[in-house]
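Q: Sequences are here, hints too, so could you generate the full structure?
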Amino acid sequence: MDVIEIKNLTKTYGKARGISNISFNVEEGEIFGFIGPNGAGKSTTIRILLSLIYPDSGSAAIFGKDCIQFAPEIKKNIGYLPSEVFYYDNMKVKELLNYSASFYKKDCSKRMKELTDIMDLDLNKKIDDLSLGNKKKVGIVQGLLHEPKLIILDEPTSGLDPLMQQNFFELLKEENKKGATILFSSHILSEVQRLCNRVAIIKEGKIVTVEKISNLTENTYKKFKVETKAPLDATYFQISGVHNLEVKGNVTSFIFKGNINEVMKKIAGVEIMNLWIEEPDLEEIFMHYYEKEA
Amino acid sequence: MNIFLHELKAYRKSTMIWTFSLVIMMVLFMSLYSSIHADAEAFLKVLKNYPEAIRNALGFNEKNFLTVVGFYSFLLSFVTLCASLQAMYLGTSIVSKEVREKTADFLLTKPVTRSQILTAKLMGAVVSLVITNMIYFAAASFMAFQFKTDDFSMKIFFLLSLTVFFVQLIFLALGMIISVIFQTIKSVLTVSLAVVFAFYFVGMFFDTSGEKVKRYFSPFKYFDTAYIIKHSSYESSFLIAGAAITILAIAASYFIYAKRDIHAV
Numbered sequence: 001m002d003v004i005e006i007k008n009l010t011k012t013y014g015k016a017r018g019i020s021n022i023s024f025n026v027e028e029g030e031i032f033g034f035i036g037p038n039g040a041g042k043s044t045t046i047r048i049l050l051s052l053i054y055p056d057s058g059s060a061a062i063f064g065k066d067c068i069q070f071a072p073e074i075k076k077n078i079g080y081l082p083s084e085v086f087y088y089d090n091m092k093v094k095e096l097l098n099y100s101a102s103f104y105k106k107d108c109s110k111r112m113k114e115l116t117d118i119m120d121l122d123l124n125k126k127i128d129d130l131s132l133g134n135k136k137k138v139g140i141v142q143g144l145l146h147e148p149k150l151i152i153l154d155e156p157t158s159g160l161d162p163l164m165q166q167n168f169f170e171l172l173k174e175e176n177k178k179g180a181t182i183l184f185s186s187h188i189l190s191e192v193q194r195l196c197n198r199v200a201i202i203k204e205g206k207i208v209t210v211e212k213i214s215n216l217t218e219n220t221y222k223k224f225k226v227e228t229k230a231p232l233d234a235t236y237f238q239i240s241g242v243h244n245l246e247v248k249g250n251v252t253s254f255i256f257k258g259n260i261n262e263v264m265k266k267i268a269g270v271e272i273m274n275l276w277i278e279e280p281d282l283e284e285i286f287m288h289y290y291e292k293e294a
Numbered sequence: 001m002n003i004f005l006h007e008l009k010a011y012r013k014s015t016m017i018w019t020f021s022l023v024i025m026m027v028l029f030m031s032l033y034s035s036i037h038a039d040a041e042a043f044l045k046v047l048k049n050y051p052e053a054i055r056n057a058l059g060f061n062e063k064n065f066l067t068v069v070g071f072y073s074f075l076l077s078f079v080t081l082c083a084s085l086q087a088m089y090l091g092t093s094i095v096s097k098e099v100r101e102k103t104a105d106f107l108l109t110k111p112v113t114r115s116q117i118l119t120a121k122l123m124g125a126v127v128s129l130v131i132t133n134m135i136y137f138a139a140a141s142f143m144a145f146q147f148k149t150d151d152f153s154m155k156i157f158f159l160l161s162l163t164v165f166f167v168q169l170i171f172l173a174l175g176m177i178i179s180v181i182f183q184t185i186k187s188v189l190t191v192s193l194a195v196v197f198a199f200y201f202v203g204m205f206f207d208t209s210g211e212k213v214k215r216y217f218s219p220f221k222y223f224d225t226a227y228i229i230k231h232s233s234y235e236s237s238f239l240i241a242g243a244a245i246t247i248l249a250i251a252a253s254y255f256i257y258a259k260r261d262i263h264a265v
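Taken in sequence, the protein lines are chains A and B.
All letters in the first sequence, in the order written, are residues 1 to 294 by this note's numbering.
All letters in the second sequence, in the order written, are residues 1 to 265 by this note's numbering.
Hint data in this document are derived by calculation from the structure and do not stem from the laboratory.
Take these hints with a grain of salt, some might be off.
Claimed, not checked - Think about it this way: if two alpha-carbon atoms lie no more than 25 Å apart in a straight line, the pair counts; the simulated SDA-like pairs of lysine to any residue are:
no., chain 1, residue 1, chain 2, residue 2
1, B, Lys155, B, Ala241
2, A, Lys266, A, Gln238
3, B, Lys186, B, Thr103
4, B, Lys97, A, Asn90
5, B, Lys102, A, Thr12
6, B, Lys97, A, Asn98
7, A, Lys105, B, Leu5
A: Given below as structure tokens:
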């Protein structure tokens, strides 16, 4: 079953901001990455899902229900963590969390205790006195304390130190194992790579591709680096499937997608000093998508 | 219910301060009453020197001025002005506070509808005003009995005091619609002051001419104290006008807020 179905979603505001004709689905139980640079439309999409803003056209459904028409019902099972968290300053952490829990008609106290322990959060401090990282932790706990079936995270890691980030990711993986679906938006590729099963890449308000992380990194793409005795002609490796071709002196590097034998034949045709074949990281693939579009 | 209680708690401090200020103001004026009453003739003479227009604008009405309710209705115009500021401030805060404190995302991603949020917040504001008025009225009645020089009708005294609440409701609704239309009000106080004083001066200006129609332009002139003292009742046409403005502004606020995009800040 698809937890999120987005169909031809369009929303424009301001100058050249917003999204146009976005469609993708998030399946139940997956951790779905939503990646793109700042201003690409990630937050716009997420805010439509949460019915904070309304689309110009197209539709989005969560748990099979229209996300605007059934917004309050759907939100019972959504946990949301915005990129910047600001909470009622004159409240204590405990009061804020209890206020948050009071919106869900179930007892959240046990889970709240567990989460604050994991996140190492002092319940009796005033929110005003907290550092950015600690405010973020409050945000994480308030987003997860009602054990939501869908967790929506909009660039959640900013302000968290690496150790806390680790804890947070473990927490998300655990929630995921218990059955929660996660939509994780980010512009940092390594964290998406670490966590997600599938990813949608968005650029200037349009979805560039939706693929499995494993497809992106393992199966299709290889990163080649060839060191030759004599400098190569820049066009030597210019065969179909080669991207990001770069020639620096005797070293030629590129990313390849396609039948690997084609490249091997080309490599066999020159005298090589050294050869590296690696899995490219997402960043490089990502750059490739962006260059292709540009 | 949780939002309502949260709002009430958030308003607690400001409600206390406003209530306290109104009571202090009323007490100061009322304690002047006995001395003014003692020097009645000299005082009336001074008043006569002012042009009639100004006397009307300030709410002096010599026939009633030296009775308890007459004097009370004179000070009431200042109390109403301050109380309107409180109401306007509350009304403007309803939506803009969440935007300013950037808590709109928190509240609007909870399983509640936007109209439930508005209702809870509106109720919180109304209850704060009711509390203010109850405390104020208790204090005002106490003062009136302390300083009375003549017998007065408790009903008229209550009707007069209640006008404060009615004017507050109108400004609460006006504040609400303003904050819904202009979501990113940076300084709620500036806006509140500007709107309230604008209406106050409009009311003062129009009142000098004595034309009834012009009174509709300022909520401050919907309740003519002289009429209330004379008839022990309100002018129904103005009561209806006030109610209509309040209801329309609130209804429009719900309508606009439900359709509004809540942008990230």
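Q: Compare the structure with each hint and give your call.
A: Structure-based check of all given hints:
1. For a cut-off of 25 Å, the pair hint linking B/Lys155 to B/Ala241 stands: about 23 Å separates their Cα positions.
2. In summary, the hint linking A/Lys266 to A/Gln238 is supported, as the alpha carbons are separated by about 10 Å, within the 25 Å threshold.
3. For the hint pairing B/Lys186 with B/Thr103, the CA-to-CA distance comes to about 15 Å; that is within 25 Å, so the pair holds.
4. The suggested pairing of B/Lys97 with A/Asn90 holds, with an alpha-carbon distance near 13 Å, which does not exceed 25 Å.
5. Pair hint B/Lys102 plus A/Thr12 holds up; C-alpha atoms about 23 Å apart against a cutoff of 25 Å.
6. Pair hint B/Lys97 plus A/Asn98 holds up; C-alpha atoms about 21 Å apart against a cutoff of 25 Å.
7. With a CA separation close to 16 Å, the supplied pair A/Lys105 and B/Leu5 stays within the 25 Å bound.
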